[in-house]
Amino acid sequence: MLSGLTMLDASDNKLTALTDAIGECTELEELILYRNGIKALPAAVGKLKKLRVLNVFNNQLIKLPPERYASCRSVTTR
166 MLSGLTMLDA
176 SDNKLTALTD
186 AIGECTELEE
196 LILYRNGIKA
206 LPAAVGKLKK
216 LRVLNVFNNQ
226 LIKLPPERYA
236 SCRSVTTR
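In the numbering used here, the protein residues as written are 166 to 243.
If you are wondering where the hints come from, they were derived from the structure by calculation, not from laboratory data. Incorrect hints may have been included.
[To be verified] Distance condition first, Cα-Cα at most 30 Å in a straight line; then the derived BS3-like pairs of lysine-lysine:
(1) Lys179 to Lys204
(2) Lys204 to Lys214
(3) Lys204 to Lys215
(4) Lys228 to Lys204
[Unchecked claim] Quick list of the computed label-pair ranges, beta carbon to beta carbon:
(5) Ile227 to Gly169: 26 to 36 Å
(6) Gly202 to Val240: 11 to 21 Å
(7) Pro230 to Ile197: 14 to 24 Å
(8) Pro230 to Gly202: 14 to 24 Å
(9) Leu170 to Ala208: 15 to 25 Å
(10) Arg238 to Leu170: 15 to 25 Å
(11) Leu167 to Ser236: 12 to 22 Å
(12) Leu226 to Ala186: 11 to 21 Å
(13) Ser176 to Pro207: 13 to 23 Å
(14) Val218 to Glu189: 13 to 23 Å
All C-beta atoms, glycine included, are put in the ideal place defined by N, C-alpha and C.
Could you put the whole structure together from the sequences, leaning on the hints where they help?
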């Protein structure tokens, strides 16, 4: 359904998690999630081969495994 989505900005939404369904957004290039309460990114983020920008600034991430953002040119965490 959202397979053609290229940018998703879910900032300031008090999110605590993303579901594996994010991996179905195969055209996603920018994922903006700043100012939420996300503690971990699902492995499905690693399926987003076109992802170039990942902004998870001001979340509660403890660890961000490289395989989750390997294709990104810009990763903002803190």
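Practice item. Note whether the CB distance of isoleucine 227 and glycine 169 lies within 26 to 36 Å or breaks it. Key: Since the Cβ atoms of isoleucine 227 and glycine 169 sit about 33 Å apart, the hinted range of 26 to 36 Å holds.
Exercise for review: Mind checking the alpha carbons of lysine 228 and lysine 204 for me, to see if they're no more than 30 Å apart?
Suggested key: Holds, at roughly 8 Å.
Point to revise | 30 Å limit on alpha-carbon distance, applied to hinted pair lysine 204 and lysine 215 | key: Within the cut-off at roughly 23 Å; holds.
Practice item. Decide if the proposed pair is consistent with the structure: lysine 179 and lysine 204, CA atoms, cutoff 30 Å inclusive. Key: holds, 12 Å
Exercise for review: Go ahead and decide if the range 14 to 24 Å is satisfied by the Cβ distance of proline 230 to glycine 202.
Suggested key: holds, 19 Å
Check your understanding: Do the Cβ positions of leucine 167 and serine 236 conform to the proposed distance bound of 12 to 22 Å?
Key -> Check passed, 19 Å falls within 12 to 22 Å.
Exercise for review: Given the range 11 to 21 Å, decide if the beta-carbon distance of glycine 202 to valine 240 lies inside it.
Suggested key: At 19 Å between Cβs, range holds.
Review point. Does the structure keep lysine 204 and lysine 214 at a Cα separation of 30 Å or less?
Key: holds, 22 Å
Review point. Range hint 14 to 24 Å: satisfied by the CB atoms of proline 230 and isoleucine 197?
Key: Between proline 230 and isoleucine 197, where Cβ atoms are some 20 Å apart, the hint holds.
Exercise for review: Could you check the hint for me, namely that leucine 226 and alanine 186 are 11 to 21 Å apart, CB to CB?
Suggested key: holds, 19 Å
Check your understanding: Using the C-beta atoms of leucine 170 and alanine 208, is the stated range 15 to 25 Å upheld?
Key -> Given about 19 Å between the Cβ atoms, the range holds.
Exercise for review: Could you say whether the range 13 to 23 Å given as a hint is met by the Cβ separation of serine 176 and proline 207?
Suggested key: holds, 18 Å
Violated hints are absent here; each numbered hint is respected by the structure.
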